[in-house]
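One-letter residues, chain by chain:
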Amino acid sequence: MSDKKVMLDVQNLKLYFRTQAGPVQAVDDVSFQLKQGHTLAVVGESGCGKSSLAKAILRLLPRNISTYEGSIIFDGQDLMTFDDERFRREIRWINIASVPQASMNSLNPVVRIEDQLIEPLLVHDKFNKQKAKDRVAEVFEIVGLPVDFLQRYPFELSGGMRQRAIIAMALASDPKLIVLDEPSSALDLLSQANLMNVLKRIKQTINTTFILITHDIGTASELADEVAVMYAGKMVEYASAEYFYTDAHHPYSQKLMASVPTLREDKDLAFIPGQPPSLINPPTGCRFAARCEKRFEKCSMQPRTTDLGNGATVQCWLFDETGEVKHA
Amino acid sequence: MPSLAKTLPNGQPQNQKAVLRIENLHTWFEIRRMGFFKAGDVRALDGATFELYEGETISIVGESGCGKSTLAKTILGINHITKGSIFFEDQDLSTLDKEGWKRYRSAIGYIQQDPYGALPPFMTVQRILEEPMKINGITDRAEQKKRIRQVLEEVKLAPIEDFLPKFPHMLSGGQQQRLVIARAMILDPKMLIADEPVSMLDASVRVEILQLLQALQRRHNLAILYITHDLSTVRYFSERIFAMYGGKIIEKSSTTGLLEKPLHPYTAALFEATSDPDVENLHSFKDVPAGEPPSLLNPPPGCRFHPRCKKMIKGLCDQQMPPEIWVHEDHAAACWLYKDQA
Ligand SMILES: Nc1ncnc2c1ncn2[C@@H]1O[C@H](COP(=O)(O)OP(=O)(O)OP(=O)(O)O)[C@@H](O)[C@H]1O
Ligand SMILES: Nc1ncnc2c1ncn2[C@@H]1O[C@H](COP(=O)(O)OP(=O)(O)O)[C@@H](O)[C@H]1O
Ligand code: SF4
Ligand code: SF4
Ligand SMILES: [Mg+2]
Ligand SMILES: [Mg+2]
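Chains E and G are the protein sequences, given in the same order. Numbering of the first sequence is given in numbering that gives the first Met the number 0, commencing with residue 0 and proceeding in unit increments. Numbering of the second sequence is given in numbering that gives the first Met the number 0, commencing with residue 0 and proceeding in unit increments.
One chain only, chain E, in its complex shape (with noise of 0.2 Å):
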């Protein structure tokens, strides 16, 4: 790994929610750093809390918040120290922005794209709005969207084009980071072709810092120059994508892999007895324990964070033991 700038240094990130049954770990001390112009790629079950991850970094929080602490550090500030007036002033759209979870649905269909799109760069006065038009058409073109199409309703998009105007939305205001939240999974299989190919060229080209929340580890090895692997609300592994996508070290990384289907290999495919444990008192121990072949009397303990070297980190009682830096 380069000696790049730390862009995002996540520590002890912890979102609990509150429910009538007690609270829920969504994010339960996580802890990552990601450099400048890297992907990170977040992968995971379904509820394990990719998306409580993304939330709780841009600070879009539902209300029902029972714990919000730790510190993310974005390009030498903390966050955590600003209120929320200055964090909608200062970070959000400006530098960090988002393309959540099933967003390209949420397009108003009665107002024209232009229109939805210069609206961000407007409330931040940092264009006025014949510079914020300009802007616009220049990252439509980015995307690779015919800049008329901006005069369009959404429902004049298809699904695949609908999603790369969000893209271009968030890319407008040239944010540091942009957090994407399964970008291409409500779309075809050629149009998710054809926006990892539009991702891939902007992450070539202007040096964004990308995190790409995904449950579906094929794609992710399109942009990911990292993968992080989060079970039941933990980050279990953090790793170069090389790494992963060759040696994935914890039990349930391993096993995650076995049971993608490959199209042009043929291998055994596996697949994890059980299900994730609620994350409302969970497990004391290792989390994955219930469904782990390798567990032992050490896992009714939460595992420490091993590292394994250059910047790799695993959350599993095996590599405490050794002790063992495999990533040297």
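Treat the hints with care, as some may be off.
Just so you have them, the derived chain G footprint on chain E, three or more residues with Cβ under 8 Å [as the list claims (entries may be wrong)]:
hint: 1; segment: 215-223
hint: 2; segment: 236-247
hint: 3; segment: 257-266
hint: 4; segment: 270-277
Derived from the structure by calculation, the hints contain no laboratory data. Here a beta-carbon is modelled for each residue, glycine too, at the ideal position from N, C-alpha and C.
Take the given structure of chain E and dock chain G with the ligands to it, following the hints.
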């Protein structure tokens, strides 16, 4: 999975009985403007011909809107037939009376696209499984109990007593889908139609459900029509693969033949677009056509893929519909590129 049987010309497995025969099947939906004037037809399924054999799985792949579910629902008798015919064990469905339809329906198990919408939320597992038996005149309590026990064992919802009083929302996505499969099996069908049975499920349970279907197939010699938009699962679960585009089956092949080399440019694009988990993907762009599938209300003339096809032959592809051409004995494509190989 290794391919099941040697194939005869036209891709038919040897020594097997056709359970289902589809001939030139069309399903069009009439669109009315202002509820009155006929504005045209959506040609959702526009001429399909094939046979499905005992014990085999055919995968139908294609993107949303290409007519996969329409094919499934037409076979199930949910959609009306616009043109063409369906034969089940050599009996033409159009000749069936009410009793005949009932018998036919009980011989096909249906696994719907959306497990969450497929189960009535206010019924317990037990009632969900009793319902199809009541409708089909299996009223003997002992027989009902025996069948429920058997299917729940087969789909591994155990201990059975724990599951019987549960409501669907108390089950995980994977368990719900196993219940849907149990329901599809309760009348001991000869054939299963599985419409995107795993697309709503997590990767870690997808394989479990597909392996379950495969085990049921072997035990009961079931014929399965497996509909999916996910090309990466088909190699593991089918003997033959058909690709659909714009209401038509545009490629038919043995699984091994297709994996070796897709013939139709659209199928080739589906291949190219599918991402296996591979760190090398980061460094290459995908060569996939831009644009969208055609409107089925006003499909383009000639080959329906021609507006997006790089290999389009002017004056031919844009004017004449390509016929189905058998390029290898187990592999056909509806594409003019192979016109000299017929
Ligand atoms: N506002 C909320 N109140 C209570 N619980 C919540 C709230 N939002 C999310 N959760 C719960 O937090 C957990 C994590 O949810 P999250 O949306 O982060 O999952 P995800 O990994 O993004 O899943 P998916 O892949 O399905 O999008 C889940 O158990 C979810 O039900
Ligand atoms: N009942 C219906 N009335 C009108 N159009 C329909 C109906 N059902 C399906 N269609 C249309 O037929 C086409 C094929 O749909 P469908 O078979 O559901 O595709 P798939 O399952 O491949 O996604 C689509 O254009 C769809 O909108
Ligand atoms: S800590 Fe123990 S139970 Fe958890 S993944 Fe590691 S070996 Fe398995
Ligand atoms: S028939 Fe012509 S347009 Fe259609 S897929 Fe073949 S080459 Fe392309
Ligand atoms: Mg989510
Ligand atoms: Mg469908």
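Hints, verified against the model:
1. 215-223: holds (count 9)
2. 236-247: Contact hint for the segment 236-247 of chain E vs chain G: holds, 5 residues under 8 Å.
3. 257-266: Coverage by chain G holds here, the residue count being 8 at a Cβ distance below 8 Å.
4. 270-277: holds (count 4)
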